[in-house]
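Enquirer: This is what each chain is made of:
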Amino acid sequence: MVTLSDREISSAIIESCRSGDRDAFRALYDMYKDQVYSISLYFFHGDQGVAGDITQQVFLKLITNIGQFRGDAEFSTWLYRLVVNACMDAARRHKPGAAISDRHMETFAAPDSQEKDYAREQMAHSVRAAVSTLPPKFRIAVLLRYFEDLSYEQMSQALHCSMGTVASRLNRGHKILAERLKSLGSTK
Amino acid sequence: MNRNEAEQVKFGMAILTHLPKAKAPEAIWASIEAALTSRDPSRDQRERLNKSAIHQWRWAFAGMAALALFAVTFFSVEYWRAHPLGTRWEVVRIDGSPAVGARHFHDAAKIAAGEWMETDSSSRAGIKIGDIGSVEVEPNTRLRVVTAKPGEHRLALARGEIRAKISAPPRLFFVDTASGTAIDLGCEYALSTDEDGSGLLSVTKGWVSFQWQGLESLVPAGASCRTRPHLGPGVPYFDDAPDALKQALEDVDLKRPGFEKSGNNSLNIILAAARVRDTLTLWHLLSRVDVSDRARIYDRIAALTPVPAGVSREQALKLDPGTLNHWKEELAWTW
Numbered sequence: 001m002v003t004l005s006d007r008e009i010s011s012a013i014i015e016s017c018r019s020g021d022r023d024a025f026r027a028l029y030d031m032y033k034d035q036v037y038s039i040s041l042y043f044f045h046g047d048q049g050v051a052g053d054i055t056q057q058v059f060l061k062l063i064t065n066i067g068q069f070r071g072d073a074e075f076s077t078w079l080y081r082l083v084v085n086a087c088m089d090a091a092r093r094h095k096p097g098a099a100i101s102d103r104h105m106e107t108f109a110a111p112d113s114q115e116k117d118y119a120r121e122q123m124a125h126s127v128r129a130a131v132s133t134l135p136p137k138f139r140i141a142v143l144l145r146y147f148e149d150l151s152y153e154q155m156s157q158a159l160h161c162s163m164g165t166v167a168s169r170l171n172r173g174h175k176i177l178a179e180r181l182k183s184l185g186s187t188k
Numbered sequence: 001m002n003r004n005e006a007e008q009v010k011f012g013m014a015i016l017t018h019l020p021k022a023k024a025p026e027a028i029w030a031s032i033e034a035a036l037t038s039r040d041p042s043r044d045q046r047e048r049l050n051k052s053a054i055h056q057w058r059w060a061f062a063g064m065a066a067l068a069l070f071a072v073t074f075f076s077v078e079y080w081r082a083h084p085l086g087t088r089w090e091v092v093r094i095d096g097s098p099a100v101g102a103r104h105f106h107d108a109a110k111i112a113a114g115e116w117m118e119t120d121s122s123s124r125a126g127i128k129i130g131d132i133g134s135v136e137v138e139p140n141t142r143l144r145v146v147t148a149k150p151g152e153h154r155l156a157l158a159r160g161e162i163r164a165k166i167s168a169p170p171r172l173f174f175v176d177t178a179s180g181t182a183i184d185l186g187c188e189y190a191l192s193t194d195e196d197g198s199g200l201l202s203v204t205k206g207w208v209s210f211q212w213q214g215l216e217s218l219v220p221a222g223a224s225c226r227t228r229p230h231l232g233p234g235v236p237y238f239d240d241a242p243d244a245l246k247q248a249l250e251d252v253d254l255k256r257p258g259f260e261k262s263g264n265n266s267l268n269i270i271l272a273a274a275r276v277r278d279t280l281t282l283w284h285l286l287s288r289v290d291v292s293d294r295a296r297i298y299d300r301i302a303a304l305t306p307v308p309a310g311v312s313r314e315q316a317l318k319l320d321p322g323t324l325n326h327w328k329e330e331l332a333w334t335w
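If you're matching them up, the sequences are chains H and A in order. At position 141 of the first sequence the residue is numbered 141 (this note's numbering), and the sequence of numbers has no breaks. At position 35 of the second sequence the residue is numbered 35 (this note's numbering), and the sequence of numbers has no breaks.
The reader is advised that the hints may include incorrect statements.
Across the chosen pairs, the derived CB separations fall in these ranges [stated by the list, open to error]:
| no. | chain 1 | residue 1 | chain 2 | residue 2 | range |
| --- | --- | --- | --- | --- | --- |
| 1 | H | M31 | A | L200 | 42 to 52 Å |
| 2 | A | D131 | H | F69 | 14 to 24 Å |
| 3 | A | A309 | H | R81 | 24 to 34 Å |
| 4 | H | D149 | A | A303 | 26 to 36 Å |
| 5 | H | M31 | A | A190 | 37 to 47 Å |
| 6 | A | N325 | H | R81 | 16 to 26 Å |
| 7 | A | D299 | H | F69 | 44 to 54 Å |
| 8 | A | L200 | H | K137 | 28 to 38 Å |
| 9 | H | N171 | A | D131 | 22 to 32 Å |
| 10 | A | D240 | H | R93 | 44 to 54 Å |
| 11 | A | A102 | H | R81 | 38 to 48 Å |
| 12 | H | K137 | A | P308 | 23 to 33 Å |
Hints in this document: simulated from the structure, not taken from any laboratory. Backbone N, C-alpha and C define an ideal beta-carbon position, used for all residues, glycine too.
Sequences are here, hints too, so could you generate the full structure?
Expert: Laid out in structure tokens, this is it:
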């Protein structure tokens, strides 16, 4: 998986974005759109509509506020923070516990998916379902850690909290997941 | 969480790591463009602006700009006169008669970048570190505020002891000492030092990174790390580690003659006494010993806790930064 930190954002692109260059924005969007959309999609139980809204909001905010981006911070950290804020704001607006629709979950099973093994696919479905039932704070922490492969330090910057809080949220997320996976496993 | 549940979560998280990325629908960009266009007049629209109208207002704009420039300059000068070298932090007396510069204070005072604070044997004080936390200054301490900006809060501890309580993202609070810099990673800790840099860092919550000339010790809650002049941070250890381990670490930190030799007795003691959570100490030792001892340390860690996927013996012994970092993050579950 390619992570944000593996990519290099040239200062020239950022500079062009600052001066309002629409092509530079498009280049930036193309680099990160799938990343932002995927986090939002997994965060919102596979709801493509909400994920699309979040992606739009994140990039609009990015484009509008690119002048505030300080070059000394890593661009990916700033972007992750925008994604986290957008997801958490939207989670507050949406009713919790939305049903996990199979139709939505099929979204994840891309035709070129590597999950050929049936049992593994079932497990993947269970994991996605379990993650989607986590409280938003723990859900975003688990997604950033495992789906995005961020370090504790990167997470603490994206979530704007201490590393101790990151560890605590992950730990509590794990405990809830253990319960959920047990119950999901027992219903199969 | 029992062992089975932990395994199940671990397996589940491994699956999460390999979930595919979804493709963002193209329609999203169209909606972004539409929103941008509605917010910002297009170039065509701007070109349609009446040039003569601009002419009429040119002098008015120039006058307003000059006025604004004057106001900004005036208020900036006044602000910097009132707040030299950045923000001033509040300080409060806890005991005795602490001093900021030459002024002793009895209730509260302010301290700015460049100013010293000093406590005598019967004084204690508290400093409010911007809006990210606080520091208690223990008796017989002398420190200076180096930087007091929202993006960097930095103290220089010349001697004595401080207790820091910081609640902020990592790398916003720093304490310089003669033997290195303590970098807050979101935590609570006590740091003491002599004027020559001999001291002790003890962390009670979160993590602290102590750095000196490229050498780094990561100290989690419940652990400590000695600091020494010209040697920087020692190898961190848990406060509840076996005494034999802590004693043997002195040899490592002081680089006593014979330690570098392969198969030395201090390392034998450390390896024999180490518990699972002492992999904190062993992981740090990896990069501070020669290759043959490194292999012994690797084997000991592997015997204490399974080596995670993505960590190979070869890469670990080569001190590959990515491998060591990944291993540390996995080991950290036991710290």
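Enquirer: Determine for every hint whether it applies to the structure shown.
Expert: Results for each hint:
no.: 1; hint: M31(H) x L200(A): 42 to 52 Å; in the structure: holds, 46 Å
no.: 2; hint: D131(A) x F69(H): 14 to 24 Å; in the structure: holds, 22 Å
no.: 3; hint: A309(A) x R81(H): 24 to 34 Å; in the structure: holds, 30 Å
no.: 4; hint: D149(H) x A303(A): 26 to 36 Å; in the structure: holds, 28 Å
no.: 5; hint: M31(H) x A190(A): 37 to 47 Å; in the structure: holds, 44 Å
no.: 6; hint: N325(A) x R81(H): 16 to 26 Å; in the structure: holds, 22 Å
no.: 7; hint: D299(A) x F69(H): 44 to 54 Å; in the structure: holds, 46 Å
no.: 8; hint: L200(A) x K137(H): 28 to 38 Å; in the structure: holds, 35 Å
no.: 9; hint: N171(H) x D131(A): 22 to 32 Å; in the structure: holds, 27 Å
no.: 10; hint: D240(A) x R93(H): 44 to 54 Å; in the structure: holds, 46 Å
no.: 11; hint: A102(A) x R81(H): 38 to 48 Å; in the structure: holds, 44 Å
no.: 12; hint: K137(H) x P308(A): 23 to 33 Å; in the structure: holds, 26 Å
Violated hints: none; the structure is consistent with every hint.
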